[in-house]
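Novice: One-letter residues, chain by chain:
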Amino acid sequence: MIKKISITTRSRAEFIDITSKVQDFVKESKIRSGACQIFVPHTTAGLTINENADPSVKHDILNRLERLVPFDGDYSHTEDNAAAHIKSAIVGTDKTIFIEDGEMKLGTWQGIFFCEFDGPRQRNIFIHIAGK
Amino acid sequence: MIKKISITTRSRAEFIDITSKVQDFVKESKIRSGACQIFVPHTTAGLTINENADPSVKHDILNRLERLVPFDGDYSHTEDNAAAHIKSAIVGTDKTIFIEDGEMKLGTWQGIFFCEFDGPRQRNIFIHIAGK
Amino acid sequence: MIKKISITTRSRAEFIDITSKVQDFVKESKIRSGACQIFVPHTTAGLTINENADPSVKHDILNRLERLVPFDGDYSHTEDNAAAHIKSAIVGTDKTIFIEDGEMKLGTWQGIFFCEFDGPRQRNIFIHIAGK
Numbered sequence: 000m001i002k003k004i005s006i007t008t009r010s011r012a013e014f015i016d017i018t019s020k021v022q023d024f025v026k027e028s029k030i031r032s033g034a035c036q037i038f039v040p041h042t043t044a045g046l047t048i049n050e051n052a053d054p055s056v057k058h059d060i061l062n063r064l065e066r067l068v069p070f071d072g073d074y075s076h077t078e079d080n081a082a083a084h085i086k087s088a089i090v091g092t093d094k095t096i097f098i099e100d101g102e103m104k105l106g107t108w109q110g111i112f113f114c115e116f117d118g119p120r121q122r123n124i125f126i127h128i129a130g131k
Numbered sequence: 000m001i002k003k004i005s006i007t008t009r010s011r012a013e014f015i016d017i018t019s020k021v022q023d024f025v026k027e028s029k030i031r032s033g034a035c036q037i038f039v040p041h042t043t044a045g046l047t048i049n050e051n052a053d054p055s056v057k058h059d060i061l062n063r064l065e066r067l068v069p070f071d072g073d074y075s076h077t078e079d080n081a082a083a084h085i086k087s088a089i090v091g092t093d094k095t096i097f098i099e100d101g102e103m104k105l106g107t108w109q110g111i112f113f114c115e116f117d118g119p120r121q122r123n124i125f126i127h128i129a130g131k
Numbered sequence: 000m001i002k003k004i005s006i007t008t009r010s011r012a013e014f015i016d017i018t019s020k021v022q023d024f025v026k027e028s029k030i031r032s033g034a035c036q037i038f039v040p041h042t043t044a045g046l047t048i049n050e051n052a053d054p055s056v057k058h059d060i061l062n063r064l065e066r067l068v069p070f071d072g073d074y075s076h077t078e079d080n081a082a083a084h085i086k087s088a089i090v091g092t093d094k095t096i097f098i099e100d101g102e103m104k105l106g107t108w109q110g111i112f113f114c115e116f117d118g119p120r121q122r123n124i125f126i127h128i129a130g131k
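Protein chains in written order, with numbering that gives the first Met the number 0: chain A, 0 to 131; chain B, 0 to 131; chain C, 0 to 131.
I should point out that these hints are in silico values taken from the structure, not numbers from a laboratory.
Careful: at least some of the hints might be erroneous.
The list treats identical chains as one, so a pair stands whether inside a single copy or across any two.
Said to hold, decoys possible - Dumping the calculated BS3-like pairs for lysine-lysine here, alpha-carbon to alpha-carbon at most 27 Å:
no., residue 1, residue 2
1, Lys-2, Lys-26
2, Lys-131, Lys-29
3, Lys-2, Lys-104
4, Lys-29, Lys-3
Construct the complete structure from the given sequences, taking the supplied hints into account.
Specialist: Put into structure tokens, the structure is as follows:
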């Protein structure tokens, strides 16, 4: 059971909270116990699970990644998105979350974020649920 | 089958080897073949699979992460743990390890480490085993 | 169903595209729908899913990781591979990719790369497929 979610990003770099979209699919699947896997089929974007209470956290992560891997650097790749590829390699493009009693077992402060590093544009996210 | 392990960390930043705790649960599960997934439900901690023979390796990883993402930086988040959130995004909070013949298929030098970036405190780790 | 792939790396640091090797195993498995998990049982290597069209992308990733975590640094670990352990912790050693209609659901530009950070040498990669 694989679902495709589409989102539109609005900045070159931003984190978009997709927790409720994933939760909707978990409910729809009627799976009570198992695992939910999320996969981003892009090479200049990624996924992170992090705090969704204070929005300053996502800005701090984005800013620090920008300092470590600046948009303008001495890169060979010529499409103005080498830094985005590198950031994608650092945060990764897949996450697994458990399902118990029909709910994702996230921690109190955890949300699931799509990480845009080369927007704005249309993006896809695949979700796969296994269990019973 | 989800198990919760609780651990107590003793420093602001440290790596704690949880390999034997996970192995105990794999044995208890009686699963012979499948996958063991580990998930940390915290936003200022993470997981890494790395060398558990020479303890200097974990210190080198911690020290380099601290240099790349210093505790004191120009962060917006005000709880003195912005760096911990960023380190969590870099190492990640979920890992999958295969099970064969009832044992985790880790490499010779691999151990599973809980990464504390904002301790000391009480922490939880979820383990999920799928297979037969 | 776990398969071991062996590869020989030729440089201290390089990314090797293993997409077709993984795809061969997916076909061989006859699994039509499920998930393919890849695991590197080494502590100085890793995995990344990134662009496989322009080879400059992998060089940009390697070069930036080298700048962030230089081979020569003030490390405690004495085997001349502390930086390799740290890079492994950053990119990670496991990836999950979905399978639909008997094919891996990778994005248009995505390839699966083995990341050598302490070569050249012989390396193993484990692949596990679950589904039906």
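Novice: When the structure is checked against the list of hints, which entries are broken? Sort them ascending.
Specialist: Checked against the structure, no hint fails, so every one of them is satisfied.
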